[in-house]
Structures are given as C-alpha cells and as structure tokens.
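> Listed here are the chains, written in short residue letters.
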Amino acid sequence: MNFPLATSITHRWESFRQRPFARLVRLFAARIFHGGGDDDSEGLDLSIGLVLTLLALPGGFVSVLLFEKYGSLLQWMRGVADFNPLAAALPDEYFFMVLSMVVTGAVAVWRWDSIFPDRRDYFNLVPLPIPTRSIFFANLIAMLYLVALLAIDVNAASSVLFPLVVCASQEHIAFFVRFAAVHATCVLTASIFTFFAVFSLLGFSMAVLPNSVFKTLSPYLRALLVIFFVALLCTSFALPNFLQRLPATPPWWTRLLPSTWFLGLGQVLRGEASPALAALGAFALPALASVIVIASGVYGLSYRRYFTRVPEMTEIAASRGSSRQSFFVSLFDRVVLRTPMQRGCFHFVWKTLLRSESHRLILSAVAGLGLVLACQALMSAFASHSAAAKVAVSADALSVPFILAFCIIVGLRLGFEMPVEMRSNWIFRLLLDEENHECEAMACRVMLVSILPWVFLVVLPVYAYAGGFLPGILHAALVAAWSVLLINAILLRFRKLPFTCSFPPFRQHSIVTLLAGVMAFFLFAVVTPEIESSALANPIWMAVFIPIAAVAWYIPHRIRRETMDHERILIFEEAPTRAVEVLQLGD
Amino acid sequence: MLEALHLTKRYASLPAAQDVCFTLRPGQVLGCLGPNGSGKSTTVKMLTGLLEPTRGEVLFNGQNIRDNLSAYRKRLGYVPEEAHLYPYLTGWEYLELIGTLRGMPRPELENKIDSLLSLFSLQAHRHAGVGSYSKGMRQRILLIAALMDNPDIFIFDEPLSGLDVTSALIFKNLVQVLGQQGKLVFYCSHVLEVVEKVCSDVLILRKGVVIAQDSVANIGQILGQSLENTFLHLVDDVDTVSVARDIQSVISAA
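Respectively, the protein sequence lines represent chains A and B. Under our numbering, the first sequence has 185 at position 185, and the numbering climbs by one with no breaks. Take the position in the second sequence, starting the count at 1, then add 1000; the result is the number in our numbering.
Quick caveat, the hints were computed from the structure, so don't treat them as lab data. A virtual CB, placed ideally from N, CA and C, is assigned to each residue, including glycine.
If you only want the chain A side, here are some residues facing chain B, beta carbon under 10 Å, derived:
(1) G344
(2) V420
(3) M422
(4) S424
(5) D433
(6) F499
One chain only, chain A, in its complex shape:
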C-alpha cells in the first residue's frame, strides 16, 4: 500500500533532518546526553534509552507501591468508611513533586559540563561556514528539547499510575481526568522550574565570574546543590504533615522551599488549598516565569562571555603548586605508607576523590544524606532531653558520629568502584604487581584517614566536654573501633586499585548486598548507640562490646584466609558472571 501523504512527510522530515541547522541540533543533543568536556573523559556512558528508562523508574515504582494505601478493599478491611483520597494524597503528591525536582535537578547538575558548547565544539564548528548564531540557537533548541524530554520522562509514569492508584475507588472518570491533569501540570512545572533554576544559578556564576574562578567554584556549587536535593528528598516524608498544620500565614522559611510552591499550586487548582498552601502556591508560576527569563538572559550572556572568547582563553590555566613534599606529608608517607605502591596509589586515590567531578558528586550526595540523618538524630536528642550532659549520652546524640562514619565509609567504597579515565589505567597495569598489590591495605588507609582525624579531634573533645571525660574517650574509641571493623568487612576481597577497574556488573547477590547494607547501617548507627547509651551509665558495661568486636573481626579474617589465590589477583576489568565455570583440573 502506498500512502503519498506519509511518503511526502517522511521525505520532508528526512530532508529537514539533513539540513545543517537540524544536524547541529542533533549533534548538541547527543553531546548533552553522551557528555562533552574539554578532556577526553570516559565516564559512565549509557545509551539514551537506558538513561530515560532509569530516570522514569522511580516515579512508576513508587506509584505501584501506593496501591496498598488507596485500595478500596483494603480501606474497607481497615474499617475506614469516609476515606478522602484528595486529603490522603497530599503527602504523596508532595513526595512526587520533590522526586520530580530532585531527579531533574540531579540531571542538570550532572550534565552541566555538557550543556554549553565547549572548546572542542568551537574548534570543530566555528571554522566551518556556519554563522555562530546558528550554533547559539541550535544549542538552545537542543537544551530545550532535553528539558522537555526530561520533564516528560521523569514524570510520565507517575502522571498516569499515581492518579490511577488514587482514583481507583472513584466512580467518575471526570474525577480521574481532573486529578491526573492537575498532578501532571504540577510535576511538569516543578521539573521545568528546577532545571532552569539550576541552570540560572550555575550559568549566572559562569557569566559573572572569571573563567578560572568559576572552574574552581563550580564543583563546590554543584556539591551544595546535590546536598540540597538530598536534604529535600530526605525531608519529603516529614514535611507534608507539617504543611497540613500550617497557620494561615506560613513561616518565612517555607517560602524558600520551591517544592511547597508547586504543592500549593496543585491544591489551588483543585480548590482544596488551605490559606497557607494557597499563599505558597501563589509563588509557583511567577517563580517559573522568572527562572525561564533569567535562564534565557544567562544563556546569552554566558555564550557571549565563554564560547565566543574560547580562542582568547589560554589553553593552560595558570596554577600554583609546590614541587616539594611538605614535612607532614613526608612524615606521613614514611610512617603510614610503607611501600612505593601504597605511597603512589594513596596520593592518586585522594587526588582523584577531590578532583574527579563524578566522584565529588557521589561523595557530596552520600555526605548530604549523612548530614541530614545526623541532623535529624541531633534534633531528636535535643527534643527528648534538656540537660547537655544527658543529651550527649543519649542514643540519638551518640549515633551522630556513627552515622557520619558509616556514610563516609560506604560512600568511599562506592566511589572506589567508579572508574575514571579507564584508558589511562595502562600505567598501573604496567607497574603494579598483580599478585602482591596491597590494594586492600591502601584502600583501608584512605578510609581510616578520612575517619580517624575527626573522630579524635572533634568527636572526642565535644563529647568529653558535653558528657564527661570518660564517656568522651569511650565514645571516640568505640566509633574508631567500629569504623575499623566496618572497613575491615567492607573491603573483604577488594582486589582492585580504586577508579582503575570497569564498573561491576549487576549480580544476583547485589540485592542481598543492598539489604545487608541497610542491616549494617541499623546495627552500626542505631543498635550500637542504643547499647552504648545504656552502657555509659556504668562504663564497665562497655566491655560488652569486646566479644562483639572479636566476632566482627574474626569473620572477615576467616573468609580472607580461605580466599583462593586466583581470587586475590589484581583486576582491571570486572568479568561478568559465567553461566558455566570451567574447573581446569588438568592445570
């Protein structure tokens, strides 16, 4: 069958796609997805389809989990006769608003370096017979395409599934349509707002600061944004209850939370808004319009300041540094790092953690999570006790350093698995001994260096001052000992130099590992402080931790001893699990 109209449209579309401007738009869109940057960085390059699927998953997954809450049969079994789905949906709507903002914001932060045309684009495209305004508009259109795609993708599943779940017990389709339309409008505008807000903030810094200053500040700014998003997500479960009880004039700080504006907007559109939420909702649309206007201005300004001046910028940024090792580093190297491998790799690992963009973002996210949990614990401690001495030895307050230590150790362990510039690892392949590689000892030292200094320099004096000298010493010692045991367990069978090995494939036991991590957090940061709080009343009871520590040390030690030689060899590539293992009995 021949459809002349369809054929004509296809032809026109194809010829449009091949026009220089359309080709430029496709080039920039692909660059934003696959990454740009001035160096030939080789990060986690996932296919577009996989990225979009991963971004869409959380919304769909959470919606499905809510079936239990809104199911009419379950409501009937619980004896709830007058169930109001709109009132019950408010906390969940807030969560979806936050989820939409966090995912979009995280993508904007993650992909910031690829959003603007860079040096490589300049030297590849500007010599071609294309007006620079074509580059400007093509990149702008690619960026807008990304925003639209991202907003739709992140919210698509929740925009359909969540209204279905909420309205499952309703008889009228109009109720569903109205609910779904309002929900979709709010989450989409929240997504778009977040993208342009992140863009405006970073773009403004780029436009007003000198290039070298911006390059130094940008990672810290992005780390702060990541921490803000983590905090927003962590508080999304507690805040709705608070919002429902707000007075007519909401406190000033609630106006600083954009997520509340879009929740308010949704309630206003439904005609269900309390005075406080209506007041907050009034900010949503003006704020959205403002960030779009600011982002447009910032885009033009940054393009003019950055892209058109690429050839004027010196390729090599002037930098200061010392060619001599300081006395303390030299002493540390002599005392703590005993072999050339440990010395070389230890400093390599620290420099990578502090300078690699992806690692800084991951560590910021984990640190943000740790800070939020620690703050919650501290607030809970102050809410339960009034005297400083009692606060200091309460389980909540004692859990603060445990939470932080756990997050740092787990964050570092996760970071070690993320490769950096895989093509550059040839130097380690060439120089490291595969059988006597000391990677575990070196990774252990990196973790200890990131824990022990603040345990003894901050935790010890603070708790000694607030709770007494002996409790302070015992608490610092326990945090240090528990951290050592956790590091000992978490580095079991670690046989790679951090950042030089390919990503580990998903294995069947990965979910078990995740559950074990949650259990470990519970034991490490919840159960231990509870026991410690009781034991500190009579410090001799602290001895109860000795047999626990002995068991926690012995199990990894035993597993390590039984590890076969071929499982200890240094690896640079994670092999997928084979369906059939060849025993090689003849060797």
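Given the coordinates of chain A, work out where chain B should sit on it, guided by the hints.
Relative to the frame of chain A, chain B by itself:
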C-alpha cells in the same frame, strides 16, 4: 638481551600476530615497521607484558618475563601509542606518581622530575592539569615518565606523535645516545625516515607476520632501494603515485 620467541596472539580465532621472532641486544635500536593492522601494537603489548601471548614467550636475559613481571617492568620504560593520562593530575603530580610507583628515592625523584621538565620545556606548566596540555606536551610527559628511572629496555610506540620539530630532534638524538649506552630500544613507528635515521636494525610486519628483519643498511642493499621503497615493495603492492592522481581527479571532479 630481549628475545621474542614465536610470539602468537589470537583474538577469538583471528590472528593478530603470528610466530613473531626477533632478538634485541644491548646497544641495538630495533625499528618496527608495518602498515595499520600489521600487529605492531599487539607485539608491543606482548613485549611489555600487558598482553599474554597465545603461544610463544618473551625472554629477558634468558628468563621468561612472565615469571617475574614486576622485576622486568622495573627495568622497562614504555611510551604507548596514545597519550592517555589522568587529566586532573598536574604534569608534576603524574610524574611523581610514576616515580613513586617505580620505587624511586624521593630526593632523586624530585630532582629528576624538575630537571627533565626543564629539559623538555615543561617547567612553566608543571602545575597545570594534564587535561589542558596539548598533544605534544602530553607526549613529552610520557617520554619523561619512561626515561626518569633510567631503565635498561625502552619500548617506544610512535614516540614522536605530536612533538614539535625541536623536541623531535632532541628525542631522535636521545635514542641514538641510549643505544650507544648499551640500552635495548624497540622503536615502533610509521615514519620511515625516522626509523631509517635512528634505528640500527629494522623489523617489518605484515598481517601479523615478520616479513623482513635485518640491519637498515642490509635491507636497502638487498633490494637496492631506500627503506621507503623497500617497505612499499614488501608490504603493499600499491602504486602510490597513481592513487594520488586518482584522489586529485576525484577532488576536482564536478
């Protein structure tokens, strides 16, 4: 002495190098030539121990290098074909990392890095990130990294790639000096003039097989031609002049 004995490497069932044999003696500078896909890089990777041969072995002073790779690599300086470096490390830090991993004593390491950076005209940029370096500057960092521990064996894979004229001239002279000092130098390149000038012997690979191996002078004498013509004669049956004319006619066609 470095000996490659029947080196064979297959990827799946495809042979990348087949039965490659040669001997590299102290003071000898052995050039390795071959068109793209001839097995040069595979051979280099087997010589450095980065790739395990499917068959055959590499002996250094009579001992299989795989018996004690660490000891062998301590005596090896290698410049890979592509300058993949960690972009967030500065030039100085990268060299310090290499020197530390090689177990060089600290004062000697710092002095050598500073001196070599000066000699390779990189002193002014020593604290700038390698990511901002030009290709030639990255290549110079790789050369310093290979040289600074004074190894006995040098394996250079396209070492002049991206170097400016002065640095290239310095390096060519350096290779000759290294040969005179009794070092073993294996030199892979596409640039025939450089191989002709720098190397004492030459090994020509085609489709993973050694098709000629002799001193540069002998190879030329046998065929009565320059190394360039000998190479073309042995490796490719291509009339380069006529291909160049064909290209020109395609460009100028309406």
